[in-house]
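Going line by line, the protein sequences match chains R and P.
All the letters of the first sequence, read from the start, carry residue numbers 61 to 434 under our numbering.
All the letters of the second sequence, read from the start, carry residue numbers -19 to 372 under our numbering.
Be a bit skeptical, because a hint or two may be false.
The calculated lysine-lysine pairs, modelled on DSSO-like cross-linking and capped at a C-alpha distance of 30 Å, are [as the list claims (entries may be wrong)]:
1. R/K83 x R/K277
2. R/K83 x R/K140
3. P/K262 x R/K83
4. R/K232 x R/K188
5. R/K140 x P/K262
6. R/K173 x R/K140
Hints are computed from structural coordinates only; laboratory data are not their basis.
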Amino acid sequence: MSSRTEPLVVFDSVDKVYEGGVKVVDNLNLRVEHGEFLTLIGPSGSGKTTTLMMLAGFEAPTKGIIRFDGAPLNDVPTYKRDFGIVFQNYALFPHMTVAENLAFPLRMRRENKAVIAERVRNTLDMVKLSALSDRMPTQLSGGQQQRVALARALVFSPRMVLMDEPLGALDKQLREHMQLEIKRLHEDLGIAMLYVTHDQSEALTMSDRVAVFEQGKIQQIGSPRDVYSRPSNRFVASFMGENNRLDATVAGISEECVTAHVGQGGVAVRAHAVAGGPAAGEQATLMVRPECIQLFHRDGFENNVEGRVTDVIYHGDHVRLCLSVEGIGALVARRPVVTGEPGFAEGDVLPVSWSARDMHAFTIDPSERTEGNA
Amino acid sequence: MSKKSRISWLLVAPLLVLVTVGFLLPIGYTMVKAVENPEVTAALPRTAAVLDTWDGEGMPPEAAFDALVEDIRSSRSGLEFGAMTRRLNFELNGSRSVIMKTRRTVDALDAPYSESLPVEIAEWGDPEFWRLIKTNSNPVTASYLLRALDLQVTPGGSIERVPADRAIFLDLFMRTFWISIWVTVICAFLAYPTAYYISTLSDRAASYAMLLVLVPFWTSILVRTTAWFILLQTEGPVNMALVWSSIIDEPIQLIFTRFAVYVAMVHVLLPFQILPLYSVMKRQGPQYLRAAASLGAPPWRQFLSVYLPLTLPGVAAGAAMVFMLSVGFYVTPALVGGLQDQMVSYYIAFFTNQSINFGMVAALSLLLLVFTGAIILIAHRLIPNVGGAIRA
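Here chain R stands alone, though its shape is the one from the complex (with noise of 0.2 Å):
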């Protein structure tokens, strides 16, 4: 049936507009290619839950057409969707044993019990929980319940898997390890994922694509790098890590360089050009990623200035270095710390550069005025 020229999903035109008139999701165009791992990430109520609920046949387009493998999945009830869900809150049956919880899915499947007994025991084993088979779920800590809820969404062999912000509930190192887990599982058994969060490390360690969405629509859709490194417009770049974010006045443009003054005719500084950027004399925004920013001067960074140690603060791995900056204002640096090398003080006036690539210049349209940090 599949023909492997088509994605896997599609969107097409897809609205969800709820009662009161709340658009949810404008406008959606999205593709899931087969196998792939894609994030959904954004601000909550910016549209990626609902995206995936629609997906799950939980909620139903209120304009547009979601196809899987070609077909429309509009009028196809959840229970015939052969999706594999993984719910923020794991929805582990109570009252079934572990064992029992995997082998639902293959019971609704009439599954003979020898095979249903194989199946439940070989996916347990996959997710290390095979000692645990005969407990109930109430017995079991966090990260297990969530290795139950994969373990069952995957026990049936479905066409695709969807996750809900399902590392949500665990501690930061259980959240860790869970996604690399969750990253080996989807690349040993090739299955199409879709996943949901609101965690940029999340998004950024296990995708294949990242698409970020805001008020209803992808604002960007790309690798995680590209995201990271290349967002596209503002709001991608401040909700996707940490930025020095300067206003700024566009001076000239020329061969992917803008030039542009700080405030109102402060220093000129570089940034990189991108289609659709700010024109000349235009209003900007330039942001600059902490790590960016190199606290020596460098042969063909553009941008090389001084700055004074206003603060330093320790972060274990890191120290984030607060910088004055005549003509400019606050930077932020972030360095590694290394055994040997010399600290930073306060009042340390040092060379601060960062190349034009590393810098994005965006244009400061009327709505996102109004939104201020987004």
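On the provided structure of chain R, position chain P as indicated by the hints.
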């Protein structure tokens, strides 16, 4: 005792006092009343003392006759005498009139009474009658409890079934539990969809729907039962409506039937099933049904395999409450039921108000308590959570 634990004791003290005074003492008193047997000894102390030494074989000694005449002569008035005659009449029909006749004739008799008394009143020549008095001079008796089970002690001391025309109590218990079980089942079947529907409503709509459940709940049982009494009259609105809509030709007997008892009891008790069920269903949320759907369960399987098992504790909690309350129902069957629809409480009231037999009152109450406890215990074993707290 530390200050903290003194304070905790003070806090529970009012409840402790209330439970002791209002619950433990009356129950204990009832249990004692069910086996207590003071009437004969109180009214005939001398006779009882003499008969205590009598072996029960043949006729009692002359001293017993003397003591009897002395007892009866000295107790011209007094409640004790009446209580004694009722007590003996309960054991042997007709004893009351024998004693009363004795009281009327005893002044005219001459000694030796063992000869003059049986001439006037033949029963005193029968060792059986003397044995009756001897048996009931015992401070405790099982006869109330046995009678409540349609059993009696023969004068010979063995236990036998009472004659069929007087055997009503086993039937009464069976009927009480049968009606209660059906009321419980009907309530469960009516409450489940109702509670489910309310749990799916928006908060605002649900609060109005809950009001419809709660307003009857807050109304007195007597008022609601009286309403049914009026509705179900032969000339009442229900019959009139049925005749008017040509469903029936003639008004049918609705009031004073088992049907009326079921209708009124279910109406009164339904909120007790709806409320715990609603609270369990309200906490369910959509996630388990969604999970079941995503795993391939069609709607009916989602209900049977997931929703029903998860809401069963609510059914169990409500059913236990409905059952225990309906077992003790009095006003409703008394008003809308016929004689064949009365439950144990009706007879408890009868023995309290009409025949003033507190031994039977206590025995019926005690057995009702024991049977109900046993049924709840069995149900608890079969279905976990019945009668227990609702688990989240």
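Hint-by-hint comparison with the structure:
no. : hint            : result
1   : R/K83 x R/K277  : 10 Å, holds
2   : R/K83 x R/K140  : 27 Å, holds
3   : P/K262 x R/K83  : 28 Å, holds
4   : R/K232 x R/K188 : 20 Å, holds
5   : R/K140 x P/K262 : 27 Å, holds
6   : R/K173 x R/K140 : 22 Å, holds
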